[in-house]
Amino acid sequence: MTDMMLQLKKIGIIPVVVLNDAKDALPLAERLVKGGLPCAEVTFRTEAAEESIRQIAKAFPGMIVGAGTVLNIEQADRAIDAGAKFIVSPGLNPKVTEYVLKKGVPMTPGVCTPTEIEAAMEFGLDVVKFFPAEPSGGLKMIKALAAPYVGLQFMPTGGINAEIVRDYLKYDRIVACGGSWMVSGSLVKEGKFDEIEQMVREAAAIVKEIRG
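Residue numbering for the sequence shown follows my numbering, beginning at 23 and increasing consecutively.
Don't take every hint at face value.
Said to hold, decoys possible - In silico lysine-lysine, DSSO-like type, Cα no more than 30 Å apart, as pairs:
#1 107 / 125
#2 56 / 107
#3 211 / 56
#4 107 / 117
#5 162 / 45
#6 32 / 56
#7 80 / 117
#8 80 / 124
#9 80 / 56
#10 117 / 56
#11 162 / 80
Think of the hints as simulated: they come from the structure by calculation, not from any bench. The model shown is predicted, which means the values in this text are computed figures rather than measured ones.
Hey, can you work out the whole structure from these sequences and the hints?
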């Protein structure tokens with residue numbers, strides 16, 4: 023794994039963030055850092071994503087901010103130019119994956135079948151996103167997929183919450199879990215950053231409890 027992936031493994035939980043207004047980017051990033059999860063996957067589902075990544079990358083250079091839901095090369099370019107330190111996609115698009123890796127940026131494509139895993143491994147990847155995690159069989163499915171692919175690590179995202187994240191974190195083939203329960207769109211929109219920070223602290227405490 024890359025140094026950045028090792029850092030993410032130590033952090034354990036990656037907040038998956040949907041920002042509708044870039045003005046919320048810095049207050050949110052501040053609470054993520056204070057709460058003990060100094061990372062974020064800002065999804066390219068909104069027009070505010072690019073500017074949000076740019077502001078976070080500039081104001082919090084020590085934070086690991088990446089772009090999620092990257093579906094094409096144009097989005098990948100915008101994310102990288104804005105300062106994204108890693109790129110995540112919901113599926114495995116060979117053109118996007120190849121482009122991002124040639125740029126020297128860590129890429130984590132989404133997979134949920136052996137065929138997709140092998141396609142990812144063809145790019146030399148040893149970390150893949152498992153998505154959507156819970157609807158696709160959850161931890162039981164990850165363990166089944168991991169068995170024949172020795173050395174492959176997973177970043178499950180989708181349906182994971184505070185109640186079940188412990189089980190995922192206990193499995194040594196999981197780098198980190200993506201989750202949005204502590205950074206829900208409604209909390210961000212309503213400016214409830216104190217509440218967000220508290221839930222981030224609780225999530226960080228779970229990681230410490232499991233991984234030390």
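So, going through the hints one by one against the coordinates:
A distance of roughly 11 Å separates the Cα atoms of residue 107 and residue 125; the hinted pair therefore holds under the 30 Å criterion. For the given pair, residue 56 sits about 20 Å from residue 107 by alpha-carbon distance, which is consistent with the 30 Å threshold. Between residue 211 and residue 56 the alpha-carbon distance is near 20 Å, which keeps this suggested pair within the 30 Å criterion. A threshold of 30 Å between alpha carbons decides the hint, and for residue 107 with residue 117 the separation of about 19 Å falls inside it, so the pair holds.
Between residue 162 and residue 45 the CA atoms are separated by roughly 40 Å; this puts the pair beyond 30 Å, and the hint is violated. Among the hinted pairs, residue 32 with residue 56 is consistent with the structure: their alpha-carbon atoms are about 16 Å apart, no more than 30 Å. Restraint check for residue 80 and residue 117: the C-alpha separation of about 29 Å stays at or below 30 Å, so the hint holds. Between residue 80 and residue 124 the alpha-carbon distance is near 24 Å, which keeps this suggested pair within the 30 Å criterion.
Under the criterion of a C-alpha separation no larger than 30 Å, the hint pairing residue 80 with residue 56 is consistent with the structure, at around 17 Å. Only pairs whose Cα atoms come within 30 Å are accepted, and residue 117 paired with residue 56 is rejected, the gap being roughly 37 Å. Distance hint between residue 162 and residue 80 is unfulfilled; the C-alpha atoms sit about 39 Å from each other, more than 30 Å.
Against the hints set out earlier in the document, violations occur for numbers 5, 10 and 11.
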